[in-house]
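One line per chain: the protein sequences are E and U, in this order.
Counting in this note's numbering, the first sequence runs from 1 upward without gaps.
Counting in this note's numbering, the second sequence runs from 1 upward without gaps.
Please note: incorrect hints may appear among the correct ones.
Which copy is meant is left open, because identical chains are indistinguishable; a pair holds if it fits in one copy or across any two.
To be verified - Mimicking DSBU-like on lysine-lysine, the simulated pairs with C-alpha atoms at most 35 angstroms apart in a straight line are:
#1 K291 with K110
#2 K38 with K305
#3 K357 with K212
#4 K302 with K291
#5 K141 with K308
#6 K47 with K12
#7 K345 with K291
#8 K291 with K164
#9 K163 with K291
#10 K212 with K12
#11 K358 with K164
#12 K345 with K289
#13 K444 with K164
#14 K12 with K305
#15 K163 with K12
#16 K110 with K289
#17 K12 with K291
#18 K305 with K32
#19 K444 with K464
FYI, nobody ran anything at the bench for these hints, they're computed from the structure.
There are 2 protein chains.
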Amino acid sequence: MSQPVKSVSPAKDFLLSALSEENCFQNTEAFKNWFSRKKQDNRFSVKQIPFSFLQQWYFEEETQNLKHASGRFFTIEGIRIHTNFGPTQCWEQPIINQPEIGILGIITRKFDGVPYFLMQAKMEPGNVNLLQLSPTVQATKSNFTQVHGGRLPPYLEYFLDRKKSHYLIDQLQTEQGGRFLRKRNRNMIVAVDHEIEILDDFCWLTLGQIKKLLKEDNFVNMDARTVLACVPMPGRDVSREQSIDDMMHELNTSSLDDFSQSLLESLFCHEESACLTTAEIISWFTELKTKYHMTVERIPLKNVKQWKRTNMEISHEEHPLFSVIAVSVEAGTREVFSWTQPLLKEPQQGLLGFIAKKIDGILHLLMQAKVEPGNIDSIEIAPTVSCSAVNFKRQQGYHIPFLDYFLNAAPQQIRYSAIQSEEGGRFYHFLNRNMVIELEESDKIDLPENYIWMTLGQVMEFLKHGYMNIDARTLLACIGFKH
Amino acid sequence: MSQPVKSVSPAKDFLLSALSEENCFQNTEAFKNWFSRKKQDNRFSVKQIPFSFLQQWYFEEETQNLKHASGRFFTIEGIRIHTNFGPTQCWEQPIINQPEIGILGIITRKFDGVPYFLMQAKMEPGNVNLLQLSPTVQATKSNFTQVHGGRLPPYLEYFLDRKKSHYLIDQLQTEQGGRFLRKRNRNMIVAVDHEIEILDDFCWLTLGQIKKLLKEDNFVNMDARTVLACVPMPGRDVSREQSIDDMMHELNTSSLDDFSQSLLESLFCHEESACLTTAEIISWFTELKTKYHMTVERIPLKNVKQWKRTNMEISHEEHPLFSVIAVSVEAGTREVFSWTQPLLKEPQQGLLGFIAKKIDGILHLLMQAKVEPGNIDSIEIAPTVSCSAVNFKRQQGYHIPFLDYFLNAAPQQIRYSAIQSEEGGRFYHFLNRNMVIELEESDKIDLPENYIWMTLGQVMEFLKHGYMNIDARTLLACIGFKH
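Just chain E, with the same shape it has in the complex:
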């Protein structure tokens, strides 16, 4: 392998970009006008159809698994779960099996010393508003090996050839462990230092601009959010070179609001200011992995108990959980002009939330170790609350730890709140309210064994190595800095 060229740490540059809403090409308002025009230009129609109208997709005779004729893309299969974690210890459910590793990637380029991100206005059939802001590239292996018969996704070569860009971030990150079986994507951020052609549906934005757009409901898609969560930020490593105060001064952070300043301190602070050391967090995680086990057995979809299939959907017999539906799509901006496909429909809104709280003056986030059936190694780290179908679960009397803090949050506690969409290529109208609330330092909280306080710097350190699940990452992407 030709070794990649060594880079100066890009973390500080990215923080600079996160703090900047100024754009030398177009300000955020101009961008929004451009985006609105894209919406008008692109006429899509997405309709739910009976399964029998699906083209190329079929229920395999022996298993009744839902498959594509090419054998590629994904299949909807069944799984049977046994675990000693949580109130339900044995169940069966449908799941998406897509064993390929896709690429979610953003090209960055510095203008006037500030990195800009090449973002795309992209339609996905499951989005409530169809068009959302997306990464430069979101490609399944089927995409770039052209199973569609369509054209190769633009800019893909920058993520497949180290000679064409500088790979800054290149991490395997998991998808929803409740919906996908062992699914991961390669999350990449690459840098170019020369001019590249900007295609029609693409534009350069600073990270600060994207963070601003993340305050709006359903604007920035999930694929963008998971990549943005991986953006390296200066941690205790970078702060070795200068004092935290000097860095805060250089970045002109005094004009930031209190919470933003707390976030930066939580990012920069050294191990000894954290509630727990890295070794102690690893120990907590080790103990839980030792204590809790889960076996996941793949079973034919036809054998999944308590689920029924009509010609319109595969759904749970009693509960308003997710269902499998089919849609037809007609569009001008995707790889092929029209197609049909299955999607997972989520009937109710979920909630993803971080509780933030200062401990000994340093802001910490409350993290949860969570067992989900699609996880590659049983447990991943999730946000404080990660709960689908909130209303249903409340009505059923499920105990969701810390959920009430969010449902009853006073306005002055809320640091972030917006509705975000899960991946519109697999999910139909799957919406989660994303929230960050801050409690008083004096508020006392008892932690169940699978909850832990981490600084933002520690969260970012563990994220690099794949500990953070998609719900934690999507919330991390939403966290911005306010002047």
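Dock chain U against chain E, hints included.
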């Protein structure tokens, strides 16, 4: 969970212990006399027996898998592997399935400011010399839930109850991916700060003493080596507080030989002195995980192609690979007085080796990404060479990258060389020569895509998160510092 008490970083103390061969209880010679007496006191007999003489173990009728009557301990089953990595892309083999997570743990306690390790003289039936130096505790879940019907392993409570000790290291680490299916143990180092009873077969040793004993063949067992590999050493984090020169001065490292000093610099050095950044190493690993896949299917032992069973062994029809045998054991120091069990016999010696080389003045180790069927996530990081049955593979003309560097190493290149035993509770006379050789900075080496240079500090950082396989860890444990 009651949060563990925060510790001052123990890394520097451990380095102090690694540099110290002085022991306030007994010097190394007195220890060796004690150990020799233990050998004489303990009379063991281990004999190979026909499978039909096994008690409690049986071949299950339907699968011919080898199982224990309790359903616990481990089973010998078959697997079928498909992969696009390496020259052999499809094969079948027997494997040990032991899904439980055991505990390998060492108690430490400071005397005169230097941490000592509580080590045990312990017999295992597969050891060539039966008695080896072992960690304080090596317990399978079957051990501590007392499936044996024997007594509970001594000192186990210090690893099960956070109130009884301070957990310094507590990591899940994998075992041999070529022999075990997804097997992991909890590797733990705990500290006590009060007197504890020292039982008959136990003694306190400094890390420096243990490192000295690691220069001898087959003295320190594998369970000890994997735990010792996890001993935290000061990295770039700790060196934030003082300059590297100051730390070297404080630790009085000027009397160390050149290679030891290079090792320390490789441990302390900052990211920018390394050949690749952490992000670049993660990218290298991500690309390989994306490119190479492996599916492992569990199959009945009776269906494993090319393997045959007699009443004495299960072995490959043509090649001198490992075989499954049965032994009877009589001993006075194990949990029960006598027993029979299966073991995996390794007919030929293997070789584990690090190539070390300075790059821009900083020592780097050459690491290999290796796909093995028992790995939890397909690829782990192995040493430069990790090769079983060396002579057979040479005769067959296998291409093992970098093997010749070790076989032809000049004496002045050899920094470490000793034969070490794999775990004697599962393996019968499974020996590997462990070597570290150092090349000249000017020596040019072309790297295949799955090889990479890492500093010792980087290796330790990735080890914490479970990237390093058992072969890499056992070699790391062997690396010591010489005056």
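Alpha-carbon proximity context of K358 and K164, limit 35 angstroms: between (44 angstroms within a copy, 29 angstroms between copies)
First find the shortest C-alpha distance between K291 and K110 inside one copy, then the shortest across copies, and answer within, between, both or neither for a cut-off of 35 angstroms. between (47 angstroms within a copy, 30 angstroms between copies)
Alpha-carbon proximity between K345 and K291, which holds within one copy, between copies, both or neither at 35 angstroms: both (33 angstroms within a copy, 32 angstroms between copies)
Measure nothing new, just compare the shortest in-copy and cross-copy C-alpha distances for K12 and K291 to 35 angstroms and report within, between, both or neither. between (40 angstroms within a copy, 31 angstroms between copies)
Within, between, both or neither, where K444 and K464 count as close if Cα-Cα is 35 angstroms or less: Classified as both: same-chain Cα gap 30 angstroms, cross-chain 32 angstroms, threshold 35 angstroms.
Go through the copies and call it for K163 and K291: within, between, both or neither, with a Cα cutoff of 35 angstroms. between (45 angstroms within a copy, 18 angstroms between copies)
With 35 angstroms as the alpha-carbon cut-off, assign the pair K302 and K291 to within, between, both or neither. For K302 and K291, the Cα distance is within 35 angstroms both inside one copy (32 angstroms) and across copies (33 angstroms).
What label fits K38 with K305 when the C-alpha limit is 35 angstroms: within, between, both, or neither? neither (44 angstroms within a copy, 60 angstroms between copies)
With 35 angstroms as the alpha-carbon cut-off, assign the pair K212 and K12 to within, between, both or neither. Answer is within: at 19 angstroms inside a copy they meet the 35 angstroms cutoff, but 45 angstroms across does not.
Please work out whether the CA atoms of K444 and K164 approach to 35 angstroms or closer within one copy, between two copies, in both situations, or in neither? between (52 angstroms within a copy, 26 angstroms between copies)
At 35 angstroms max between alpha carbons, let me know whether K357 reaches K212 within a copy, between copies, both or neither. within (23 angstroms within a copy, 48 angstroms between copies)
At 35 angstroms max between alpha carbons, let me know whether K12 reaches K305 within a copy, between copies, both or neither. neither (52 angstroms within a copy, 56 angstroms between copies)
Comparing the model with each earlier hint shows violations of hints 2, 6, 14 and 18; every other hint is respected.
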